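S.K.: Sequence:
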Amino acid sequence: MTSHSIIRQVLTVVCAFSYTSLPLLHAGVVEDAIELEEEIPSWQDTLTPYADFRFRYESDWDSVNSSSVARDDRQRLRIRGRVGIKFQPSEKLTFDVRARTGDSHSQQSPHLTIHDFDGGDRNDFSGILDKYYVQYASDGVTFWGGRNGYPFWKQNELFWDDDATVTGAAVSVTPSWMDESVTGTIGAFYLPDGGWELNGRMYAGQAKYTKEFGGVTLTAAEGFYLLDGEEGASHLRNGNGARDYAILGSQVELAAELFGVPVAVGADVYHNLKDYSATSADPFTAANSDEDFGYVLSARFGKLSEPGDFQFGYYYVWLETFAVNASYAQDDWVRWGSSTQTDSSDLHGHEFRLTYQAAKKLEVMARLYAVDAITSEQDGMRFRLDFNYKF
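Note that the sequence shown covers residues 10 to 400 in the numbering used here.
The hints are simulated quantities; they were obtained by calculation from the structure and are not laboratory data. Small disclaimer: the values here were computed from a predicted structure and weren't measured. Glycine included, every Cβ here is placed at the ideal spot set by N, Cα and C. Watch out, some of these pointers could steer you wrong.
Claimed, not checked - If you anchor each label on the Cβ, the simulated ranges turn out as follows:
no., residue 1, residue 2, range
1, Asp127, Phe62, 20 to 26 Å
2, Glu231, Lys101, 24 to 30 Å
3, Phe62, Phe126, 20 to 26 Å
4, Asp133, Ser190, 46 to 52 Å
5, Arg80, Thr57, 41 to 47 Å
6, Ser147, Leu86, 44 to 50 Å
7, Tyr325, Asp237, 28 to 34 Å
Using the sequences and the hints, build the whole thing.
M.R.: Okay, structure coming up:
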């Protein structure tokens with residue numbers, strides 16, 4: 010069955026659910042509503058729609074490109090919308106489909122510019138289906154197949170952007186005889202090239218360990234990510250789609266309460282073991298052949314579990330050009346690249362983050378970035394203010 014056939018069937022289920030639910034909205038008395046609910050097939054009770062919306066103010070200033078030419082300062086208003094539906098016919102089986110906004114030429118960003126204060130371009134409305142998968146979970150084993158989010162544990166998006174969903178299959182195992190402290194995950198995926206196309210593959214595995222020691226929770230993970238490149242990418246920059254990567258990723262986090270305040274400190278280290286040649290036929294690869302190491306240091310103070318909660322976060326990053334595949338890493342820190350593809354490596358700098366839980370479903374987040382390139386004169390300052398609402 011093709012992905013289009015699956016999508017068509019899911020949409021049919023959504024329409025059927027919406028049609029049969031309409032009478033409930035107009036029921037005049039409780040008894041009528043109860044009768045109508047009893048008439049609805051029980052399998053429809055397993056449908057769970059979900060959605061979220063983001064409104065963003067973004068400002069970029071004090072930035073130069075790799076040729077030391079100053080970029081224009083800019084201020085923009087941007088939005089992101091996501092909507093999906095889950096169908097869970099049993100406790101073990103889940104079907105999920107999600108659509109998001111965003112330029113179809115970008116695998117990294119779901120955001121659309123609705124206003125540029127400096128007269129820049131706005132985006133026409135567009136979007137993609139970024140998730141469609143089936144998942145089976147039982148007795149510590151979880152398997153999914155289709156298009157889904159990055160399945161490996163991570164503390165941030167500096168290695169892999171949450172929006173860069175992958176197409177393939179993954180399985181995770183958490184053995185009960187190890188007190189559920191160890192989780193092993195493996196997967197094989199086709200990688201996104203823009204919102205719809207696929208280019209290249211990734212074969213990856215990770216072992217994660219979690220344990221509490223005297224009020225301190227340790228989480229550590231070790232992963233290996235083999236990216237098998239393929240010529241012919243339509244949207245990926247700098248040969249990122251054709252280049253092979255063999256990245257060893259190590260993460261550790263310590264979490265505890267300090268004077269009643271939740272505190273977490275973490276570190277991530279990435280080393281690309283691929284041996285690139287300084288005489289490579291690809292000039293970008295040749296020029297950056299030794300740029301293969303990166304790390305992230307982070308700290309968080311506070312929690313975001315109840316309205317009125319605050320959390321402060323700090324991140325320092327040193328990420329050389331090929332420490333990650335820049336086409337799949339975060340697109341938050343810099344404006345380098347193109348309008349649809351962010352060059353998310355060859356950078357070092359700081360993020361300061363303050364988040365306020367304004368209501369049960371509303372989160373307000375302010376972030377300040379100060380970033381410089383490692384191998385060129387590029388730099389920049391960025392501020393973002395996000396209002397995130399979950400329906």
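S.K.: Could you tell me which of the hints above the structure violates, numbers in ascending order?
M.R.: none
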